[in-house]
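Enquirer: Sequence lines, in order, name chains A and B. Residues 2 to 267 (our numbering) make up the first sequence, in order. Residues 52 to 281 (our numbering) make up the second sequence, in order.
Hints are computed from structural coordinates only; laboratory data are not their basis. Given the structure is predicted, the values throughout are model-derived calculations rather than measurements. Careful: at least some of the hints might be erroneous.
[Unchecked claim] Below, a list of computed lysine to aspartate or glutamate pairs in the DMTMM-like style, where the Cα atoms sit at most 25 angstroms apart: (1) Lys186/B x Glu8/A; (2) Lys67/B x Asp206/A; (3) Lys65/B x Asp206/A; (4) Lys164/B x Glu170/A; (5) Lys216/A x Glu106/B; (6) Lys186/B x Glu170/A; (7) Lys216/A x Glu104/B; (8) Lys65/B x Asp209/A; (9) Lys164/B x Glu124/B; (10) Lys164/B x Asp236/A; (11) Lys67/B x Asp264/B; (12) Lys186/B x Glu158/A; (13) Lys119/B x Asp209/A; (14) Lys186/B x Asp206/A; (15) Lys233/B x Asp265/B; (16) Lys186/B x Asp236/A; (17) Lys180/B x Glu158/A; (18) Lys54/B x Glu111/B; (19) Lys216/A x Glu162/B; (20) Lys164/B x Glu67/A.
[Said to hold, decoys possible] Over the 12 angstroms line for every Cβ pair with chain B, so calculated as not near, a few chain A residues: (21) Ile38; (22) Ile128; (23) Asp236.
We put the CB at the ideal spot given by N, CA and C, even for glycine.
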Amino acid sequence: MKQKIQELYTLEQLSSGASAIHRLHPSVKLLTTVVFIIVVVSFSRYDIGRLVPYILFPTVIMSLSETPYTLLLKRFLVALPFCIFAGVTNIFFDTEPAFVINTIVISNGVLSLVTIVFKSYLCVMTILILMSVTPLAELTNAMRRLRIPYIFTVMFEMTYRYIGVLFDEAHTIYTAYSLRSSERKGIKIADMGTVVGQLLLRSIDRADRIYNAMKCRGYALRTMAYSRSRIERSDYIFGIAVTVVCIGFRVVNVNALLVGAFGEYA
Amino acid sequence: MLKLSEVTLSYPDKTKAIDRASFALGQAENIALIGENGAGKTSLLLAIVGILEPESGTIEIDGTLLNKTTVNELRRRTGFVFQNPDDQLFMPLIYDDVAFGCRNAGLDEVETKRRVEETLASLQISQLKNRSSLKLSGGEKRMAAIATVLVTNPCLLLFDEPTAFLDPKAKRALIAALKQMKQPKIIATHDMAFAAEVCDRVIVLKDGRVTADDDFSLLENQEFLQSQGL
Numbered sequence: 002m003k004q005k006i007q008e009l010y011t012l013e014q015l016s017s018g019a020s021a022i023h024r025l026h027p028s029v030k031l032l033t034t035v036v037f038i039i040v041v042v043s044f045s046r047y048d049i050g051r052l053v054p055y056i057l058f059p060t061v062i063m064s065l066s067e068t069p070y071t072l073l074l075k076r077f078l079v080a081l082p083f084c085i086f087a088g089v090t091n092i093f094f095d096t097e098p099a100f101v102i103n104t105i106v107i108s109n110g111v112l113s114l115v116t117i118v119f120k121s122y123l124c125v126m127t128i129l130i131l132m133s134v135t136p137l138a139e140l141t142n143a144m145r146r147l148r149i150p151y152i153f154t155v156m157f158e159m160t161y162r163y164i165g166v167l168f169d170e171a172h173t174i175y176t177a178y179s180l181r182s183s184e185r186k187g188i189k190i191a192d193m194g195t196v197v198g199q200l201l202l203r204s205i206d207r208a209d210r211i212y213n214a215m216k217c218r219g220y221a222l223r224t225m226a227y228s229r230s231r232i233e234r235s236d237y238i239f240g241i242a243v244t245v246v247c248i249g250f251r252v253v254n255v256n257a258l259l260v261g262a263f264g265e266y267a
Numbered sequence: 052m053l054k055l056s057e058v059t060l061s062y063p064d065k066t067k068a069i070d071r072a073s074f075a076l077g078q079a080e081n082i083a084l085i086g087e088n089g090a091g092k093t094s095l096l097l098a099i100v101g102i103l104e105p106e107s108g109t110i111e112i113d114g115t116l117l118n119k120t121t122v123n124e125l126r127r128r129t130g131f132v133f134q135n136p137d138d139q140l141f142m143p144l145i146y147d148d149v150a151f152g153c154r155n156a157g158l159d160e161v162e163t164k165r166r167v168e169e170t171l172a173s174l175q176i177s178q179l180k181n182r183s184s185l186k187l188s189g190g191e192k193r194m195a196a197i198a199t200v201l202v203t204n205p206c207l208l209l210f211d212e213p214t215a216f217l218d219p220k221a222k223r224a225l226i227a228a229l230k231q232m233k234q235p236k237i238i239a240t241h242d243m244a245f246a247a248e249v250c251d252r253v254i255v256l257k258d259g260r261v262t263a264d265d266d267f268s269l270l271e272n273q274e275f276l277q278s279q280g281l
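Please put together the full structure from these sequences, using the hints given.
Expert: Below, the structure is given as structure tokens:
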């Protein structure tokens, strides 16, 4: 369990790297991520082909920041069932044929399910990359600087900070329970309510103590800790380049252009 | 340095945690705060940093009265080491935990790094810099927790049961580290031998009241100690 808690914070540990992407201004990284997600989400549910070029963004950023792909992929796999659940009903309700591969008819429902999963992949991976190249304090500072309501910023910060506390308390309770429940594995259904209740109460208590410790070291909900305030030329160049490419791919159908070009060549 | 006048504090169920506590702490003094479990030691320390708000009475730190407008400034000047180091170490790496106070104080990364490295070196725990608190021993965690408060160079140090979870070797290291710190300290503890090593004055709390404020000869009076539940 301790190992799991540590894995939870692996992304944050990666954020202290020194690559060119790590050195970019956090506000620029946050804004480009938001632009990327908005553009990706704006495509229709059958536009899978036009989404393909967008895979370049996470791939290039991951490679430049030396972020391990498998680590992020594992995190995405946790979200995958939710994405499938969101789109699986389309298969049954949207049965109109979209195209045929050999003799297999692909319906619009299947196409939209694949699009949802692919869009989710792009968005989740981009957010995970943002988390792994930006320290949490800098990210929340950027959110404050961008005037995102402080309640959202604090909730994001605290949820991330306290999730480990919840795991740690769960581990302690589970160990204590197991030691007194002889050979039985897991928690009995009859005890589940009490255990979960205790877990919440203990987590609240512990979270309160951690918050006190944070306050004692100068943490205040509405104020910003130190972070880079100046946006450098390289930040502008990165931000503009990503925005132009994202919007460019949205406006211009790159696939059609490629097909046209190859068609002429052929 | 610190002056408490008639400080009274109640728990939500209206029982008194602190009852008209008054004492003063000089520039180079170290006070041991002793008392049975539930005597109000932790509550008193939490009141000094403004986490718990007294119903009545005043707390002054370095001539500044503790109130809603001064609380953040006074917290910056005070270092509080919690009983359980796990409550104090919540970042992924020890470096980030130690840097937390500096960053909140608005120091830039260059100065933060310099201070963190200097503080870790002074406590001889530089090797913990890039480790997670989840993988440290009790003694290492305690030293790291102390580093998190020393890094901002506070003018007053408060310790809540600093010897809890420590083996004799770690305790000796802690005593050596405490002796090097020049700041005045209040140390809430049950460990009399430890208190006698690092403090020069003792305050006894019972049911939230200051029942004695004297030098360590007080601890030789067994009859008194037993009457205080010690």
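Enquirer: A separate judgement is required for each hint: does it hold in the structure or not?
Expert: Status of each hint after checking the structure:
no.: 1; hint: Lys186/B x Glu8/A; verdict: 13 angstroms, holds
no.: 2; hint: Lys67/B x Asp206/A; verdict: 21 angstroms, holds
no.: 3; hint: Lys65/B x Asp206/A; verdict: 20 angstroms, holds
no.: 4; hint: Lys164/B x Glu170/A; verdict: 32 angstroms, violated
no.: 5; hint: Lys216/A x Glu106/B; verdict: 21 angstroms, holds
no.: 6; hint: Lys186/B x Glu170/A; verdict: 16 angstroms, holds
no.: 7; hint: Lys216/A x Glu104/B; verdict: 14 angstroms, holds
no.: 8; hint: Lys65/B x Asp209/A; verdict: 20 angstroms, holds
no.: 9; hint: Lys164/B x Glu124/B; verdict: 22 angstroms, holds
no.: 10; hint: Lys164/B x Asp236/A; verdict: 24 angstroms, holds
no.: 11; hint: Lys67/B x Asp264/B; verdict: 20 angstroms, holds
no.: 12; hint: Lys186/B x Glu158/A; verdict: 23 angstroms, holds
no.: 13; hint: Lys119/B x Asp209/A; verdict: 19 angstroms, holds
no.: 14; hint: Lys186/B x Asp206/A; verdict: 23 angstroms, holds
no.: 15; hint: Lys233/B x Asp265/B; verdict: 21 angstroms, holds
no.: 16; hint: Lys186/B x Asp236/A; verdict: 37 angstroms, violated
no.: 17; hint: Lys180/B x Glu158/A; verdict: 23 angstroms, holds
no.: 18; hint: Lys54/B x Glu111/B; verdict: 5 angstroms, holds
no.: 19; hint: Lys216/A x Glu162/B; verdict: 21 angstroms, holds
no.: 20; hint: Lys164/B x Glu67/A; verdict: 23 angstroms, holds
no.: 21; hint: Ile38; verdict: 25 angstroms, holds
no.: 22; hint: Ile128; verdict: 18 angstroms, holds
no.: 23; hint: Asp236; verdict: 16 angstroms, holds
Going down the numbered hints, you'll see the structure goes against 4 and 16, while the others check out.
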